[in-house]
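Each chain sits in its own coordinate frame; assemble them with the hints.
Spelled out from the first residue to the last, the chains are:
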Amino acid sequence: MHPIFKLIAQRVALGIMLLFAASVLIFGGTMMLPGDVAQQILGQSATPENLANLRESMGLNDPPVARYFQWLGGFLQGDLGTALTNGRDIAESLGSRLGNTLFLAFWAAVISVPLAIFLGLLAVRYKDRWPDKLISAVTLTTISIPEFMIGYVLIYWISIKAGWFSSVAIINDSMSLGAKLNAIAIPVMVLTLVVLAHMMRMTRAAILNVMQSAYIETAELKGMGMLKIIAKHAFPNAIAPIVNVVMLNLAYLVVGVVVVEVVFAYPGMGQYLVDHVAKRDVPVVQACGLIFAAVYIGLNLIADIVAILANPRLRHPK
Amino acid sequence: MNDELKHLSGKVAKGLMTRREFVGRAAALGVTAAVAHSMLSSSAAADGHATPKRGGMLKIGSSGGESTNTQDPALTASEVPLNNLRCWGETLVEVSPTGEIEYRMAESVEASADAQTWAFKIRKGIPFSNGKDMTPEDVLMTMQRHSNEDSQSGALGIMKGIANMKVDGDNFIVELDTPNADLPFLLGDYHLMIQPNGGMDDPAAGIGTGPYTIEIDEPGVRHAFKRRDDYWDSENRGWADEVEQLVLNDATARTAALQSGQVHAINRVDPKVAALLDRAPNLSVQSASGRGHYVFIMHIDTAPFDNNELRLALKYAINRQEMVDKILRGYGSIGNDMPINASYPLFDDTIPQREFDIAKAAEHYKKSGHDGSPIILRVADGAFPGAVDAAALFQQSAQAAGIPLEIKREPNDGYWSEVWNVQPFCASYWGGRPVQDQMYSTVYLSTADWNDTRWKRPDFDNMLNAAKSELDSAKRKEIYSQMGRMLRDEGGLILPMFNDFVSGVANNLGGWITDPNGGMMNNKAAIKCWVMDA
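Going down the list, the protein sequences come from chains A and B. Just so we're aligned, residue 1 is where the first sequence starts under this note's numbering, counting upward by one. Just so we're aligned, residue 1001 is where the second sequence starts under this note's numbering, counting upward by one.
Excised from the complex, chain B in its bound form (with noise of 0.2 Å):
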C-alpha cells in the first residue's frame, strides 16, 4: 500500500473520512473498489481506532470550566460541566451524530396519531450508581424538577409547551399544548439527566446511570471518574478504567498540555493555531461542521432597525467569505441571514445564497432613507471568538457601500446580561439545535423569551405550529423553507458565518467520531473513546 493510500485508510479508521470517499480517493490513485475496501478492513484492524480497548486513564482538558460549576444539571450551561454530566448521567433518548434518535433510558417512543400524546418506554433494570434501579417514577420527577413552578433550570424555556405528565407501566406520558413532531429530540436535551427520584433530594450528587461515579470534583480545577462495574451498557461506553478532566481556560495551555502527551484531547483548538497545531506529530486536529452559528443581531422593533430597507442594506454588506477565512480561517462555512444550514434535517437546498454586494447594499441604504446618524454595533470579544475583528471587517466593508457603522466595545464582563436582548445591535452567538423546530422555537417565536431580535409575527408562528404538527416530511420541509427565506429577507439577524467544533486529539487516543452536535463528540469523547496503549 503507498504512503497516500495508508495515510487515507488511517483517516477513516479515526473516523475522518466516509469508506466511500476513501475507495473515490483511492479509485482516483489507480485502485479498484473491492482492493481499497479490502485495504480499508486491514488497516482498521492493525490501527486499533477501529478496535475499542479496555482499562487506562482517559484524560482531557477543557476549557468552559470556573471554580463556581456544580454538578446539578439544572444550572449546567458550559462545556467542562455539561462533559461531567455525561460521564455520570444520560438522558432518556440523545440525538445520535447521523441526526437520528438514540435510545438511552427509553427503549422505544410511540405518538399518538396527531403527535400530541408521547408513550416513553422505559428500560427496565437500569441501576443507578446509587444501587436502586431506574423507574419511570424517576424520570416523571426528573422531568417535573425541570420544568415546575419552582424550576430554576435551563432547560425550562424548552418544557413550556408540555400540558401534562405521568407515569402509566412502564410509560412515561407526555401530554402537549399543542402537537410536535420533534418532541423526542426536545427531551434529549442535556439538562435532563435522569437522577433518582428526579434530583429533587440533592440535585448537585451526581448520581445517575452513566459509565461513571465521580471520584474527585474539584470545580475549576479538575474532575476525576472511575467506572463503574454494574453500567448497562459497557459494551458501547465507558472504555477507560478512569477519566480525568483538567480544566485548562487558556488556549496556549490546553495545546501546550495536548502536544506534550498530558492529555489525549483538548476542546476549543483556536482556528487561528489549528493549521500549525496540526502539524505536530503526535495528534490531529478534527473538526466537526455543526449547526453553531455567529451572529450580528438587530432589534427589528427598534429604529433604525424597524426598516427592512436598512436591514437588507446591512444584509449585503457583510464579507461573509472574507469572515470565514480570516475569523475562522476555514474552519465554518459561510451563512445566509437564517439560523438553519445543511447540517439541519429538512433543509432545504434551494434557497439562494446571498452574495457580498456593494452595490446593493449602497442601493438598499439609500432606500432606507437614514438620515446618516452613526449606527451603533455593540460587540466584546466573549461574543464570540474573534467577535471584536469581525466587527471591525463588517465596519470596513459596510464603509465602503457609504453605510456609516460604528463599532462600540462592551467587556465581556456582564455582556449577556447588559448587552445581549437588551441592546438593539450587538453580536452573540447560538450554538444550534438538533431540529429545525426547535431553533425557530427557541428564539424566533412571538412568544420566545430568548428573542433577540425582536421577530414577532403571527404567520411566521402560524407556519411554525404547522410544522409541529405536521408528519409528512414533505409538507414539512416546504413549510420551514417558507419560514427559512421570510427571516433571510425580512428577518433581524446577519448571519455571516457557521463555526466547526475544532478539538485536538492524540494519536493514542481510539473512537473518535465526527458529531455535528456539539463540540468534543457532543461532549461525550471521555466516554466513548478508548485508549490506545491503555
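Same shape as in the complex, but just chain A (with noise of 0.2 Å):
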C-alpha cells in the first residue's frame, strides 16, 4: 500500500478516537456545569412537584453512567436522539443549522480566501512600498475590532442608511439562492474582513521566506516578471503554511461564528448550541460538539495531506 494511504488510514483511526475522547469530556462538561435541564426549563416557576415530574419525564433520575453509555449506543447506530427540552429529533433540526452554518461558511469562505491570497501577493510585489502598507494596515484594523462591531457599523450605513441588505440575516429553504445571499450579504462582509488579516499576513510571510532562496533568484536573473516568479516558483513552496492556516480560518467559520449569528440572528449551529448548554439539553450538546470536533480534525487532515502532496520530499519517502 501506498505510504499516503497509510498515513491516512492512521490519521482517520486516530480522529475517531478522538471523538470518542471528546464526547466523554463534553458529557463530563455538562455534568458539572450547576443545575439541570428541569431546574433550567422552569427557572423562577420551579416548584419541588414539577421539578420531580420533569425529571422523571426526562429520565434524569438514572445515574450518569447509563446514560452516557445509552446515548452511545443510539449514537452508534445513526440515532442522535431528541432534544429533551422540546423533543424535537435532533437529527432534523441539526440538520437544517448545520445546512446554514456550511452555507454562510462556504460563502464567506469563497470571497475571503481567494481575496486574502490575492492581497498577500500584491503585498509581497509591493513589498514595503504604499500597496503592501495599505493592506497590512487594512487588515490589521478589521481584524483588531470586534467582530459585532463591524457588524453594528455595517449594519447602520448598509442597511438602515442606504437600505441596500437587510440587517436581519433569517434565511429558511423557501427562500431563492438570491433572496439568501441578499440576507447573508453583510454576514459575509463581517467574516471576510474578519479573517482576511490571518491568511493574508501568512501568505505573505510564506512567499517572502521563499524567495530569500537561491532560485528565486537565478529566476530573477534569467529576467522573468515578478508577478509570474510568486505565482510560478515561490507560491508552490509556500502552499503548505499557506494551507495550514487557510484550514485554521475555515474551521473558525464554522465552528466560531456565533456571535456574528446572534447579531444578525442567523440561524446556524453556534446560536443552537448555546441554546442547549444554557438549558443543560445534554443529547443536543453531545451532537453538536461532536460535529465541531469533526470540522477541525477534518479540516486539520485536509491540510496535513495537501502538505504532504505538495511536498514533493514527503510525496516520494525514501
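None of these hints come from the bench; they were simulated from the model. The structure displayed is predicted, hence computed values, not measured ones. Glycine is no exception: its CB is placed at the ideal position from the N, C-alpha and C atoms. Take the hints with a grain of salt, since some may be wrong.
Derived coverage of chain B by chain A (criterion: at least 3 residues anywhere in the stretch with Cβ under 8 Å from a Cβ of chain A; other residues may be distant) [what the hints assert, rightly or not]:
no. : stretch
1   : 1144 to 1153
2   : 1241 to 1255
The calculated label-pair distances, taken between Cβ atoms and stated as ranges, are [stated by the list, open to error]:
no. : chain 1 : residue 1 : chain 2 : residue 2 : range
3   : A       : Gly87     : B       : Asp1233   : 27 to 37 Å
4   : B       : Val1167   : A       : Phe20     : 53 to 63 Å
5   : B       : Val1422   : A       : Phe20     : 28 to 38 Å
6   : A       : Val110    : B       : Glu1100   : 54 to 64 Å
7   : B       : Gly1131   : A       : Ala162    : 45 to 55 Å
Okay, here's the thing in C-alpha cells:
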C-alpha cells in the first residue's frame, strides 16, 4: 500500500478516537455545570413537584454513566435521539442548522480565501511600498475590531442608512438563492473582514520566506517578471503553511461565528449550541460538540495531506 | 389645527394619551373642550391608527426566544413562546388593560357567597383549529393537566388551592380549599391555554381556539402563523392575514430591524437607547408602567439579615431615584420595599414613601450591632437588566452610611438555580401579578415555594387568608394596606424600582394600546394590532 494511504488511514482512526474522547469530555463538562435541564426550563416557576415530574419524564434520574452509554448506543446506530427540552428530533433540527452554517461559511470562504491570497501576493510584489502598507493597515484594523462592532457599523450604514441589504439574516428553505445571498450579504462581509488579515499575513510571510532562496534569484536573473516568479516558483513552495492557516480559518468560519450569528439572528449551529448548553440539553450538546470536533479534525487532516502532496520530499519518501 | 395639537391628537389615536389628557392639554393651548373633542374624532378617523384594517403580514421582532423552546403551554416561561401561545390559544378569562376580567372561553363567572365555589359558564360553538368544538370537558382536562400529580407545569404553584374540579352541564366548577375572591385572575394565567382534551395527547401541537394557526415553527429562529377563517372573535382580534415572529435576542439587532422597517414592533427596548430611538422618524417608543419590579432580596432567617435593624439600614441606604434615573433612564418608578404599587387594584396610596437617608441608615446600622464583616450581595447581569450597575450604585450609597457592602458577581448561567432563592442576599426581579393576593400568595406566604425572602409570618398569612374571603373591598383594601406596611418595615426585600415595559412600534402599525399586564401589550400585540398599509 502506498504510504500516503497508510498515513490517511492512521489519521482517520486517530480522529475517531479523538471524537470519542471529546464526547466523554463534553458529557462530563455538561454534568459539572450547575443545575439540570428541568431546572433550566422551569426557571423561576420551579416547584419541587413539577421539577420532580419533569426529571422523571426526561429520564434524568438514571445515573450519568448509564445515560452516557445509552446515548452512545443510540449514536453508534445513527440515532442522535430527541432534544430533552422540546422533544424534537435532533438529526432533523441539527441538519438544517448545519446546512445554514456551512452555507454562510462557504460564501465567506469563497470570497475571503482568494481575496486574502491575492492581497498577500500583491503585498509581496509591492513589499514595503504603499500598497503593501495599505493592505496591512486595513486588514490589521479589521481583525483588531471585535466582530460584533464591525457588524453594527455595517448594519448602520448599509442596512439602515442606505437600505441595500437586510440587517436580519434569517434564511429558510423557501427562499431563492438570490434572496438568501441578499440576506447573508452583511454577515459575509463581516466574516471576510475578520478572517482576511490572518490568511493574508501568512501568505505574505510564507512567500517572502521563499523569496530569499537561491532559485528565486536564478529566476530573477533569467529575466522573469516578478508576479510570474511569485506565482510559478514561490507560491507552490509556500503552499503548506498557507493551506494550514486557511484550514484554521475555515474551521473558525464553521465553529466560531456564534457572535456574528447573534448579531444578525442567523439560524446557524452556534446559537443552537449555546441555547442548549444554557438549558443543559445534553444530547444536543453532544451532537453539536461532535460535529464541531469532526470539522476541526477533518480540516486539519486535509491540511496535513495537502502539505504532504505539495512537498515532493514527503510525497516520495525513501 | 396647529402642529402641537396635531401631534397630541395623533398620540391619542395611538393610545399614548387619554382623551381627558388631550382635552386638558388643548385647553392649555386655548381650545375649548367641545372643539378639542371634535378635533380628536376627525384625527382618529383620518389617521388610521384607530380603524382596524384586515390583511397583510404583521411582523414582530422579539427577544426571549431560544432553539430549545416548545409550544407546550405548561413549559412556557419566556416572551417568544408566550407570543406564540397568544396567537394560537386562549384562556378562560384574561385580565384587560384596565385590570378587569375579560371573558374569553368562559362567558360568565359566578361565585358562591363564600367565594369558595366558582362556576365558569363555557361558551358554546367555539371551534378549535382542528375543527372540533371546545367543550367544558376540554377546560377540565386542561386544568387537570396543569395541576395533577404528574404536572410539569409552571402554573402548578397557582393551582395549589384547588380542592376539586368538575363539569356540570355548560359549567366548569372549581371548588377551593379556602375562599378566594380573586380566583378568575389566577385562571387567566397564560399557561392555562385551553387545548383539546387538555393537551393530554399532544401538548405541543399548538391546537387551540386563538385567531391563528402555526405555519412555521423554527424555535429560536422564527414562528409564522396564518389566520383562521373560523375564528370566533374575528370582530376584535386577528386582523393581519399572517403573523411572523422573528427571534432577535440581540438588542441592537432588534432596533436595527425596526428602524429599517423589517418588523412592525419590537419588545424590550434598552432604556439606554430608548430616548434616541424615539427620535427616529418612522417609529415611536411606547412604555407601559406595570407591576414588574427589580429587587435585592435578603433571607430574613439567615445571619446577618435576621436582624431587622440591619435590614432597615440597607433599605435606607439605597438611592431609589438615582436608580430610576440611571438604570431605567426614567422608564420606571421608585419602589417602597413592598411588591405592590399603584398599578394594583386596592392599592393604598397613603403608605409613606421610604426616602434615601444616609443618617438614618447609619443609625440603624449602628443599632444592629453588626460586626463590620462584609455583607455579600450576589448579582449577575441576568438578574435584571442593569443589575450589576445597580448593585454598584447601592454599594456606593451604602458605603457613605458606613455599611460594608461587597458585590460578588455571579455568572448568568445557572443564576436561577444556584443563587436566587439559595443564597441569602442577591438581586432578582418579579414580573408582577394582576392582583395583590396573587403577588403575596406567590412569594410572601409562609408555604410559598418561591418565598425568596423566607418571610414566614403566621399573622401575615392570616391576614392574606382573611383578605381572600373578604368580599367588601374597603375592608380588603385595609388588610392589604397593613400587609404592605408590614413587609415594607420588616420584610426581606429591598425594592428600589418598578420597571416599565418599553417597546418600539413602527408608525404603520395600528391599534397599539398601553397594557400594564406585560410587555408587547401583554403579548397580544400580534393578535390585536393591524398593519395600516396592508
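- Structure versus earlier hints, numbers of those that do not hold, lowest first: none
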